[in-house]
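A.B. asks: Single-letter residue listing:
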Amino acid sequence: MAQDLEVDRVTKRYGASSAVDRLSLEVAHGSFFSILGPSGCGKTTLLRMIAGFLAPDDGDVRIGGASMRGVPPNRRPVNMVFQHLALFPMMTVGDNVGYGLVRRGVARAEIRSKVDAMLARVGLSGAQGRRIDQLSGGQKQRVAIARSLVLEPTLLLLDEPLGALDLKLREHMKLELKQLQAHFGTTFVYITHDQSEALVLSDHVAVMNAGRFEQVGTPQELYYHPKTPFVAAFVGANNRVAGTVTNVEGDVVELVTAAGLKLRGRREGELATGGGAVAFARPESIVLARDRAQLPAAMQSFSGNVESLLFDGANSAVLVLETATRIEFRIALPQTGEFADLVPGERIAFGFDPGRAVCFRAEAS
Amino acid sequence: MAAALMPAADAIVGPRRRLALLLLLAPALLWLFGLIVLPHVELAILSLRARVAPRVFEWSFAQYLTFFEEPLYWRTFVRTAVMSIAATLATFAIAFPAAWYIAKVAKGRAHSLLFVLCLIPFWVSETVRTLGWMILLRESGVLPRLLVDLGLTATPVELLYHDATILVGLVYTSMLFMVVPLVNALETLDDSLIEAAYDLGGNGWSILREIVIPHAMPGITAGAIVVFMLTLGNYLTPTLLGGKNSLWFTELIYTQFITRFNWEQGAAFGFLLLGLSTAIVWCGLGLSGQRFADVMRRS
Chain U
1 MAQDLEVDRV
11 TKRYGASSAV
21 DRLSLEVAHG
31 SFFSILGPSG
41 CGKTTLLRMI
51 AGFLAPDDGD
61 VRIGGASMRG
71 VPPNRRPVNM
81 VFQHLALFPM
91 MTVGDNVGYG
101 LVRRGVARAE
111 IRSKVDAMLA
121 RVGLSGAQGR
131 RIDQLSGGQK
141 QRVAIARSLV
151 LEPTLLLLDE
161 PLGALDLKLR
171 EHMKLELKQL
181 QAHFGTTFVY
191 ITHDQSEALV
201 LSDHVAVMNA
211 GRFEQVGTPQ
221 ELYYHPKTPF
231 VAAFVGANNR
241 VAGTVTNVEG
251 DVVELVTAAG
261 LKLRGRREGE
271 LATGGGAVAF
281 ARPESIVLAR
291 DRAQLPAAMQ
301 SFSGNVESLL
311 FDGANSAVLV
321 LETATRIEFR
331 IALPQTGEFA
341 DLVPGERIAF
351 GFDPGRAVCF
361 RAEAS
Chain A
1001 MAAALMPAAD
1011 AIVGPRRRLA
1021 LLLLLAPALL
1031 WLFGLIVLPH
1041 VELAILSLRA
1051 RVAPRVFEWS
1061 FAQYLTFFEE
1071 PLYWRTFVRT
1081 AVMSIAATLA
1091 TFAIAFPAAW
1101 YIAKVAKGRA
1111 HSLLFVLCLI
1121 PFWVSETVRT
1131 LGWMILLRES
1141 GVLPRLLVDL
1151 GLTATPVELL
1161 YHDATILVGL
1171 VYTSMLFMVV
1181 PLVNALETLD
1191 DSLIEAAYDL
1201 GGNGWSILRE
1211 IVIPHAMPGI
1221 TAGAIVVFML
1231 TLGNYLTPTL
1241 LGGKNSLWFT
1251 ELIYTQFITR
1261 FNWEQGAAFG
1271 FLLLGLSTAI
1281 VWCGLGLSGQ
1291 RFADVMRRS
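As given, the protein sequences belong to chains U and A, one line each in that order.
In this text, residue positions in the first sequence follow the working numbering: the first is 1, and each later residue adds one.
In this text, residue positions in the second sequence follow the working numbering: the first is 1001, and each later residue adds one.
Don't read these hints as lab results, they were simulated from the structure.
Keep in mind it's a predicted model, so treat the numbers as computed, not measured.
Glycine included, every Cβ here is placed at the ideal spot set by N, Cα and C.
Just to be clear, a hint being listed does not mean it is correct.
Said to hold, decoys possible - Simulated restraints, written as ranges between beta carbons of each label pair:
#1 U:9 to A:1142: 33 to 39 Å
#2 A:1014 to U:123: 36 to 42 Å
#3 U:123 to A:1106: 53 to 59 Å
#4 A:1208 to U:77: 20 to 26 Å
#5 A:1150 to U:40: 31 to 37 Å
#6 A:1057 to U:89: 55 to 61 Å
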């Protein structure tokens, strides 16, 4: 069976630079696919090419197996939820949801029953006659999704629809979006710069940078097995240490920083002794101890001084400066209360399993 | 004195605050009362009296009756109304694409340049502008000669003194007053609304009708009201471009006041014109479903 969306070596150039550079991707039917990237990475350009608002300079977009070359947005089996939702303020909720059906020339009675059913499915029964400005942020969100899904598109594109909401509502809408997608079974392509949205919602995530995909995979793969330094740095918090490779032994790489700190990590890609490398270790994979002797023997251990405490509830962390090299590590604070009494300046030991750190060849810069 | 009246703003309370407000409003109130309300009261009294003997007057509806009894008067009245509505519609039809281009298509310098282009004709006085049209259109003027040179007409034709000529002049004079509110209204239209409508299956015409026009309606109404009132009360353009062939109601008022020295009749005509513009604006608001206060706030 054909994939719902196939993007085949699509390129879009603005002047000399490419916003999207020979990019390919496939999205399976019924899945929730996210494109995650910093602003300016070309993800909006890509989405607009899929929706049909922009024509690719090169390559092709296929939706449900059919090439979309030369097909305008109003003829594509794709609908889009816009960043600021773009609900029509001059129409009621019911007219907003029914707009696409009216444009298709569906009979009035059928439109009414479809709109009623769709509003019921998004939990807005009886809101048909309300004006858009009478709705809360979350309700507007649901109307925007209902307005697109009522047309039963092959693909629903979402352009950072949660960006304008406040934090609390955003958390809530994340769950709601996930439930709506599971409920309708429509293929969602979601773009965002918020990694937590991408990780929580998606079946697959593509991390995009400078017009290309760095890595495509499940949220778990991206988080635990990043394939490029960019992904390691962009997805989740990470401690980055750059140095020179001193030894490669199977999958374990040893490197030493310019200041002389030695550490070991898992090899990712080709690395050669004497070459530059960057290592990444996640704050939560680093273990704190009062004394180096208390750390498991398999771990490489270091000692340092507490620089500052960053309290953020469950995400609390400490910044520790390694004693000899003054290299800063961000270390997650265990929630057991064991280190609740830490004070800045205090001497502390920390360590991590080499397998939990990842080393890449340093990019030539 | 002024300094004494203006201590820290929140310190002004009660009667002093009201006094300050009154003083600030005084010029506007004086203008409103002295130049608009007072003359109209005087005109109303004038229009409702008839001269029975030298320096003897009595209350009467004679001037208003004259208007209805004399076909020239009420026909000119209806003609002026119809032509003004036509001029307003024509102005809208021409100004809308221009406003769309300025608001949505032109970017950066082109945007300001186009706006200035709309404004430039207004640096020249209306009289000179209208005389310019006469130079172009009169029988010995530029355009008729061009038509002869191109072999389109055998002899120069008189392009002045037609209703169409008046319309052209009126539309030209009113353009800016339609373009500005339209540009303002269209600029506030979020482009993503148009894209969303397109994405949901709309086409150019349906988006214009269902999204763009409803959004721009307050601007359209504001522009239409201003253009209609300016056109209805215009004197110079219809007089110069229409000549003797096309009478405008303001010309009748002028004649009554200045030529015939019949101020009573002129005052009655003035009130009829005021009633006409009020009635048509009210009908227009009703048709477009707008409230006057909303339109004035948004424009």
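A.B. asks: Now, for every hint given, state plainly whether the structure supports it.
C.D. replies: Hints versus structure:
no. : hint                        : result
1   : U:9 to A:1142: 33 to 39 Å   : 60 Å, violated
2   : A:1014 to U:123: 36 to 42 Å : 52 Å, violated
3   : U:123 to A:1106: 53 to 59 Å : 44 Å, violated
4   : A:1208 to U:77: 20 to 26 Å  : 25 Å, holds
5   : A:1150 to U:40: 31 to 37 Å  : 56 Å, violated
6   : A:1057 to U:89: 55 to 61 Å  : 58 Å, holds
Checked against the numbered hints given earlier, the structure breaks hints 1, 2, 3 and 5 and satisfies all the rest.
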